[in-house]
Amino acid sequence: MWRDMTVVRRIDSEGVALQRQGQLGLWAPCRGQEASQIGTARALRETDFIFPSYREHGVLYARGVAPGDYVRVWRGEEGSAFDPAQMRMAPLQIIIGAQSLHATGYAVGIRHDGTDEVAVTYFGDGATSQGDVNEAMIFASSYGAPVVFVCQNNHWAISEPVTVQAKHPIAGRAPGFGIPSLRVDGNDVLACFAAMRWAAEHARSGRGPAFLELVTYRMGPHTTADDPTRYRTESDVEAWAQRDPIARLEAHLRATGALTDEHVAEAQAAADATAKELRAACLGMVTREPLAVFDNVYAEPHTGLRRQRDDYAAYLAAFEEA
Amino acid sequence: MWRDMTVVRRIDSEGVALQRQGQLGLWAPCRGQEASQIGTARALRETDFIFPSYREHGVLYARGVAPGDYVRVWRGEEGSAFDPAQMRMAPLQIIIGAQSLHATGYAVGIRHDGTDEVAVTYFGDGATSQGDVNEAMIFASSYGAPVVFVCQNNHWAISEPVTVQAKHPIAGRAPGFGIPSLRVDGNDVLACFAAMRWAAEHARSGRGPAFLELVTYRMGPHTTADDPTRYRTESDVEAWAQRDPIARLEAHLRATGALTDEHVAEAQAAADATAKELRAACLGMVTREPLAVFDNVYAEPHTGLRRQRDDYAAYLAAFEEA
Amino acid sequence: MTEMTLGKALTAGLQQAMRDDDKVVIMGEDIGKLGGVFRITDGLLDEFGAERVMDTPLAESGIVGMAVGLAFRGYRPVVEIQFDGFVYPAFDQIVSQVAKLHYRTQGRVKMPITIRIPWAGGIGAAEHHSESPEAYFVHTAGLRVIAVSNPQDAYRCLRQAIASDDPVIFFEPKRLYHHKGEVDLDAPLADAPPMGLAHVVREGTDATLISYGAMLTTALDAAAAAEDEGISLEVIDLRSLSPVDYDTVSASVRKTGRVVVAHEASREAGVAAEVIASITEDCFHWLESAPLRVTGHDIPYPPAKLEKFHLPDLDRILDAVDRVLDRPNSLTEVER
Amino acid sequence: MTEMTLGKALTAGLQQAMRDDDKVVIMGEDIGKLGGVFRITDGLLDEFGAERVMDTPLAESGIVGMAVGLAFRGYRPVVEIQFDGFVYPAFDQIVSQVAKLHYRTQGRVKMPITIRIPWAGGIGAAEHHSESPEAYFVHTAGLRVIAVSNPQDAYRCLRQAIASDDPVIFFEPKRLYHHKGEVDLDAPLADAPPMGLAHVVREGTDATLISYGAMLTTALDAAAAAEDEGISLEVIDLRSLSPVDYDTVSASVRKTGRVVVAHEASREAGVAAEVIASITEDCFHWLESAPLRVTGHDIPYPPAKLEKFHLPDLDRILDAVDRVLDRPNSLTEVER
Ligand SMILES: Cc1ncc(C[n+]2csc(CCOP(=O)(O)OP(=O)(O)O)c2C)c(N)n1
Ligand SMILES: Cc1ncc(C[n+]2csc(CCOP(=O)(O)OP(=O)(O)O)c2C)c(N)n1
Ligand SMILES: [Mg+2]
Ligand SMILES: [Mg+2]
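Protein chains in written order, with my numbering: chain H, 1 to 322; chain C, 1 to 322; chain U, 1 to 336; chain E, 1 to 336.
It is possible that part of the hints are untrue.
[Unchecked claim] Some chain H residues near chain U, calculated using beta-carbon distances under 8 Å: (1) A85; (2) F139; (3) T256; (4) A258.
Don't read these hints as lab results, they were simulated from the structure.
Ideal placement from N, C-alpha and C gives every residue a C-beta, glycine not left out.
Here chain H stands alone, though its shape is the one from the complex (with noise of 0.2 Å):
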């Protein structure tokens, strides 16, 4: 996992670079939160189905997905980057919280199939205010539904401390609903790593819902396009850079003798060509063709947007021609 985060934080800072080189519209970095999504996602199973936000390049890497899926969307090429049932994940979501009602939902499903499987959702401690989250818990309390909240508590819902969504511990609500729930150390990948197994493991076994507060950091801006300086101090990052999760494992696995001067730069030269990857598969997307805005709207033909496709295509074209 020390090498999972690694090439992680090489991701995220690809993505931060590409952005600034214009080539992505945007770039949420996940600086800080490699532990929080690395651990739960790889105590996971592969038919486990998750509904992530958008800040999970982590999950998304523990679930394999190809180097170009990290950028496609922040590049703004696509509306999502992979198959979902493929990856058994749902594309990024935006909508602040909507995601953990669709995990309720696709729990239900699997409880009605008798399958074992689990759905998981990721959300931030900002998204606990929305009111989706709060119907989501109650849903998935009152179906009994295998379903995982995580919310990884990074402190800051862009500007506004965590504090102005909850004066108390997140993890805290979660009972109040029938939802038994762990608040961990969201920088200790091995604290997230069994927690979520703890959590996996009550709701494929039949328990009901389970939920997990990760206490992390946001490092970075919320995006690229956000500057943290107008609204909180470098002391305070200061603070959490000290507890960085990559850091710490590796000081302590080095400590151990488990990590050795190869398996870093094993690991590194690993991020270096992923990175490189990424980087070429960014730079090689090919933007659809102009009447692409049309495809998928509809998955049956439809005969007022048909009209419209012909209308613009005749338009391109008597403008070509032109």
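Position chains C, U and E with the ligands against the provided structure of chain H, taking the given hints into account.
Positioned in the frame of chain H, the structure of chains C, U and E with the ligands alone reads:
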């Protein structure tokens, strides 16, 4: 308060009777919930502002509304019955849970104004599943707003038993949001009174919101349009009839000698008088003239609507001529 | 052919859809033991059990959001919204998720969700129980919008909506739930006309009267009354509000040259505005007078005692017919 | 007169409104220390403090619902919705409460709430950040809808919206936030034209081009380009989408006889449909060709790289102008 409850029950049965006789479009009986309503409402100050749901006839009574105001809306004459500023009470709310946010906003306003009023909102067990009610608790907690949330858990949301909404006590949710709560016997008027005293005092003294769950039972149908025999048994209802809030207090008061036959006779007479006034007011209501449908859509002149009104007036005039 | 009410036809449609495909699940408030406040799901809990007939917690966003998750899992959820006015808490899930997920995923995730909405007024109900929100959904790309007006269409179109791989907002005219009509329960779905087609319910030559849902009944009454005055109205039931079947509509308008569009919903940016703007574009040279709207006013739905002054009725429709035919009418004297 | 960006004009408008009336409070996500993601509320926290500039928890229904409560208490809340696509969770509170409370209470409770929405696309943003939801609100009786297109109007209309006793949905064209213009900061509000008036931005004789918001800029460019071809376009900025100022619009249409309405929002039951249906009714005998719409397609807002194929641009507008003028155009060869 025994007297209050007796009068409220009479008002309620008059509402049912008027509906049966075709004088009201609908009525939502509060039978069985008199203690919850009277107990809590009587513990408030006149200056406290109440945001009710639609079943709170007892709360309206405690506020002293005019007899016709119990039925004006149910008859379909107007969208609301009384002047909210004068009664310090919002009109009844049909969108489940919406009013909880209004109470929270109002309470934030109280806090800004630096006065010692309290906002109070009533809603049902079903309402606790709505995003709005959960958001209201989150906002109230975040701003430390002086609002009291009153959940009348009457065991049913139309045909759904409370277990569809909550497998665990509803009062147990509030502490997760940082809001202290009490779960009270909603058929014990003194307990309800005491609970609201505590909750209002808590909010009034600047300690933020409080939450009450009043465990009671809806003895009648959801509304006069409902047929509860489809989803609940007589024996269920019978068991709760044994805990009737009025009979219970009556037995107690009689035992202590605080209630005599004269008291009872006086209360019945008062109840009958109120019912009579209510009926007279109801039957005497005059529906507004057709063009009134255009009144008060906007507070300020509106060119589009003025024209629609003029056209409709011309139409009505032409129609009368013909 | 069986005679049954529109309500019972819907029940039969749901039942048949659930028998045809065990991925069809229905969900909503009070739809189980109670059979829904309008009894449309009556008997389905007994036949299909609580896993396929799900009473839900009281939260519309939750219901629709859960349906999205079930669709991800391969189910075909049918949602009942208890009354038209309670669909708004689910608006975000409908507009940002249900309508967009197929597009967002380049067609990889289908959203075969049907959202049934008992709809519109005229029943003397309380506030929020008589809304006509169809234009919101017509304006939302990615959705299909159906509004039925009779038992046969109710039975057929509901099955088609459920069978469609696209999300469908399905409006049920609640004031017609008890109206009876003949329904062919056995006609194979494959042979049925697509649900997107409009229906010329009555042929005529002087003007085209376009409507849908419960208002169609009023439109037909108006056409009958007009006939007594020697006016021949062609009446079209749109049935599909998105897409609108402009082939059928334009053919009629080109024939008659005069148009009235009637609906209960308020007027500004409503469905009638859409229909008239499109007709005007398609049939401008055939039009002999300005197409007119007869709609609810641009007001919140009024209290029950006043609703008759809001809802278009036979006479308001006939007045508009007089106007498009340049006959004397209520606005004859009004300067514009 | 001061030269400033549209964004700064809005900041100045908010500041002035808050100085004029201490019942004005502003609320939304990140509007405090950050000054909003677009910095429109920059500096207001420092001047007015946290009680009047409220950073809220992340929940739009909560924000608007709380504003309703504050309005009950006599406040005049100004809500910032962070992006157009995030208004939908608040839809129920807006449609069922904000729009209806004045009517419900026979005018006893006022809802002087202004809901500011950074609006529309063209900035290469992520999904849900480029929506044009104005038609939903135009269709909702009880609301007023304003859409500004330049710094002067932004400053004036925002102050008027806040001063209005009615709820106003206030659309700010986010791709013009940095556009500059002259603003008269000192003109008394009482002397200003009402915010409901449309504005003939450019006079012309051959056809009327109607638009609003950021698209107005494109419309003006189109008019300039048309002039080079000898076509004289009259350009109208609607400014108020509900109510629409049909006096101004119809006067122009009666003069030119030809109309194009352009907006970014999708077409079906959009604002252009409303405007065309109304114009056709009011000006039928003056119309020389069918009024046309140039709009976004009926698709979900596409990914950033494709948005230019969705948004109406100068050439699409000119093509429509050619059509209404019966000049050769892209559809000349197409059978209808
Ligand atoms: C419904 C909705 N409202 C507002 C936004 C704008 N927005 C995007 S991210 C964000 C903050 C989210 O904070 P949190 O949930 O803590 O997640 P984080 O970004 O910290 O990972 C906001 C307000 C949105 N995307 N969706
Ligand atoms: C948003 C919304 N959804 C659905 C309804 C329909 N409805 C009216 S009352 C009710 C049940 C409410 O139950 P509860 O909150 O327990 O209150 P009670 O009726 O028991 O007093 C429902 C589903 C509604 N009024 N509003
Ligand atoms: Mg966060
Ligand atoms: Mg209840």
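**OP:** Could you check the structure against the hints above and give me the numbers of any it violates, in ascending order?
**Re:** 3 and 4
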